[in-house]
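Undergrad: Using the sequences and the hints, build the whole thing.
Residue numbers (our numbering), protein chains in the order written: chain A, 161 to 563; chain B, 2 to 408.
What the hints contain is simulated information worked out from the structure, not anything from laboratory work.
Please note: incorrect hints may appear among the correct ones.
[To be verified] As a list, the in silico DMTMM-like pairs of lysine to aspartate or glutamate whose alpha-carbon atoms are at most 20 Å apart: (1) Lys501/A / Asp167/B; (2) Lys421/A / Asp480/A; (3) Lys144/B / Glu506/A; (4) Lys317/B / Glu303/B; (5) Lys501/A / Asp231/B; (6) Lys317/B / Glu337/A; (7) Lys242/B / Glu313/B; (8) Lys317/B / Asp367/B; (9) Lys242/B / Asp183/A; (10) Lys144/B / Glu169/B; (11) Lys501/A / Asp229/B; (12) Lys124/B / Glu113/B; (13) Lys501/A / Glu262/B; (14) Lys144/B / Asp480/A; (15) Lys421/A / Asp65/B; (16) Lys421/A / Glu262/B; (17) Lys242/B / Asp224/A; (18) Lys144/B / Glu504/A.
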Amino acid sequence: MAIASQMSAAGPLAGLSVVELGDGTAGPYAAKLLGDFGAEVVKVEGPDGVSTRRRGPFPDGRPDPEASGLFLYLNINKRGIVLDIDGQDGQQALDRLLADADVFITNLPAARLQTAGAAPTALRARHPRLIVTTISPFGTDGPWAERRGSELVTYAMGGIAYSTPGMPDAANDLEREPPLHPACFAAETITGLVAGLATLTAVLGRARTNEGCHLEISQQAAVASMQHRDISTYSYWGGTYNRLLNPTTIGRMPNFYLPCKDGYVTIPAPMDLHWERLVEAMGEPAWARTPAFSDGPARTDNWIELRMRLIDWTMTLSGDELYGLANQTQLPIFQFYPVRKLVESEQVRARSSVVDIEIGNRRAQMPGAPFMMHATPWGLRRPAPRLGEHTAAVLGERTGVPA
Amino acid sequence: MSVAPLPLPLDGVRVLDLGQFIAMPFCALWLAWLGAEVIVVESRRRMTSRTAPPFVPGMEGNPDASGYFNQICSTKKSCTLDMTTAAGRDIVRRLAGKVDVMIDNYSTGVLEKLGLGYNMVGKLNPALIMVSCGAFGRSGPIKNARGLHSAVNLFSGVADVTGYVDGEPRILGGVLPDPLSGTYGMFAIMAALHHRGRTGQGQFVDLAMYEAMMTLIPEAVIDLTLNDADPQRAGNRDRQKAPHGIYPCRETDTWVAISVEDSRDWNAFCQAAGHGEWLGDARFGDAGSRLAHVGALDAAVEGWTRQVSVGEAVDKLQAAGVAAGPVLRCDELLDDAQLQANGSVVTIDHPTAGPHRQLGLPWRMDSLGVEYRRAPLLGEHTHEILTGLLGIDEADYARLEADGVLS
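TA: This is the structure we're talking about:
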């Protein structure tokens, strides 16, 4: 594999060969992570291309399968081929690819894999060293195994939606404020990360056993696993989470999420030490020294009035001013950053948290490395493939026939 | 009939866990379950998670009865050391020379001040992989700023895409920035171990919690920088699909999540809800018109969901092939038959705290094993680690103990 050797210095996973048959975000994101850190990834699409080619964001909102922002983001550092896995030729070509690969990642439905001759058990039997990573909405056993999932449904069944808005924010009205899902592919991204991680586990395991592995990832379980902390309370004494703004869920007050002059801030000052700093930062207002706020329990009992008093104060200041006070007083006050302010921030620039991407001949930016590896940096080696861009080259490579 | 246990993928990997609270302890938790020997360094003089709730009722304050500690330190070893003493710091340095991986999420600069930063331990052990995690990372102009999960939510842009229609930004539930960063940390460790296996080279990994969260919002970052378009908060709606939302059901504070992908789904949805007449409603004819009339559409859907129980709504929609599911509270996860059926719910016994359930790895493996064992008692492995791994003799050990270094 000429390409892999050219990339040998490119990342910690250089030399690892991955075939991805994915759709949406979860499968492609798992393969993207491996590719971003040096693996050689071949993405397999059907003749119509994957659904993210139709998702955007597009330049000026004009749909173009070669200019979909989400597709181009999810598929950098991959080569792309088109195979019709509903037909025999496509199925055979896929199997030839897998014969040479280290890893196969897919989030297509099990039934689809079965008809394509790519069911995990069959693949494990035919290619004993192959690592097979499959992603399904709910796992392959249990009452939901055959049920239909989606980003929203798996997220809701993973527990995070119910607890959003979450600490120190909270719902003001249970009926009018439903559990919230953020407008992004949160469940699928978490699952893709978990699938990439599971895959690497098996890569390390294979170095000992010389045997492949089938890794089965449930999207619901991946989301639920992120609820580690909140689950402990139920497990240890049966405590359940309440979405309403009150000390039972928020803890000792003040610990608030509040509006300020030009945005929003969090003000956590749960201990006496924090409270003293906060009172000082506010300029020692008389109300703060009244018995109603004299100690932790009093502040917690009178949290409704306390919240109003604090809003009166925060509304006189900008987020930057409050953040400046936080630095002076060592209070962990923090302000809300809209995406625009984030992307333009010095921190994001200094760390290259966003990097350039070309979308339909226009320059845009996308999230860059999720962490910085000092010896084996993350890198952009190639843009996402046009539909079928590398079909001839990749299939020629594998069969020995020059393209 | 006994079956040989499956090999553990990280058998032989040793990890020094200097993690605090959730993010890095969570990172080391899964490593331990996958077979790594994880050594938690802690001190009676500065206990954090062992003093945090939830406790076994009646055992409040008992450092061996905290669910917070016992669940995030399952399968790990406990070594008590007072890092405010020179001898304690020296032992940590020696441990760093004996491990493959070291992780921390102290405030930026704390380890360097103690002489335990990568600038020091990386020289002593060039094969060491160190993951150091901060809210804003270990570089950049605000690397020293302290941030809780809520600050990370607010800075990362995730709050900007979370909120009700035209409403204020809201903060995500749970403490997602913590476990998410921990999971990226594990990915970095696995990748670095793979690289080290071929080259012998260790390295430093700078992990920023906000960057982990930014991986959730590529569309928002791209739309802003491509089209100068700021995120519009729109509740649980999707910009291409409708209905797409979390709707109230008959019983108070119960909710069903529904996402309709295409016209086949819409057709099935209307039939399942017993509202075939919606199919003839011009406002709802295709995805474009449903999105144009999404307010009316959501009101109609809610009109139906409020009449039925969550279970009934889900069963009817799923029977028709529509993606729908209950909104589960985190306390319902442990009792969820689906998570249980896929091996995600594990029970771990503990001599002080007794048996408790938690969520294990969210994946299954057919040729590799995983091991769920109890959390260590406070200082349970100090003697074993110092006299075994570090080869400190009993007389020196007794002296260290008498000097309070091991407290």
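Undergrad: Please go over all the hints and tell whether each is borne out by the structure.
TA: Hints and how they fare:
no.: 1; hint: Lys501/A / Asp167/B; verdict: holds (19 Å)
no.: 2; hint: Lys421/A / Asp480/A; verdict: holds (10 Å)
no.: 3; hint: Lys144/B / Glu506/A; verdict: holds (11 Å)
no.: 4; hint: Lys317/B / Glu303/B; verdict: holds (15 Å)
no.: 5; hint: Lys501/A / Asp231/B; verdict: holds (10 Å)
no.: 6; hint: Lys317/B / Glu337/A; verdict: violated (25 Å)
no.: 7; hint: Lys242/B / Glu313/B; verdict: violated (23 Å)
no.: 8; hint: Lys317/B / Asp367/B; verdict: violated (34 Å)
no.: 9; hint: Lys242/B / Asp183/A; verdict: holds (17 Å)
no.: 10; hint: Lys144/B / Glu169/B; verdict: violated (27 Å)
no.: 11; hint: Lys501/A / Asp229/B; verdict: holds (12 Å)
no.: 12; hint: Lys124/B / Glu113/B; verdict: holds (13 Å)
no.: 13; hint: Lys501/A / Glu262/B; verdict: violated (33 Å)
no.: 14; hint: Lys144/B / Asp480/A; verdict: holds (17 Å)
no.: 15; hint: Lys421/A / Asp65/B; verdict: violated (46 Å)
no.: 16; hint: Lys421/A / Glu262/B; verdict: violated (40 Å)
no.: 17; hint: Lys242/B / Asp224/A; verdict: holds (18 Å)
no.: 18; hint: Lys144/B / Glu504/A; verdict: holds (16 Å)
Consistency with the previously given hints fails for numbers 6, 7, 8, 10, 13, 15 and 16, ordered from lowest to highest.
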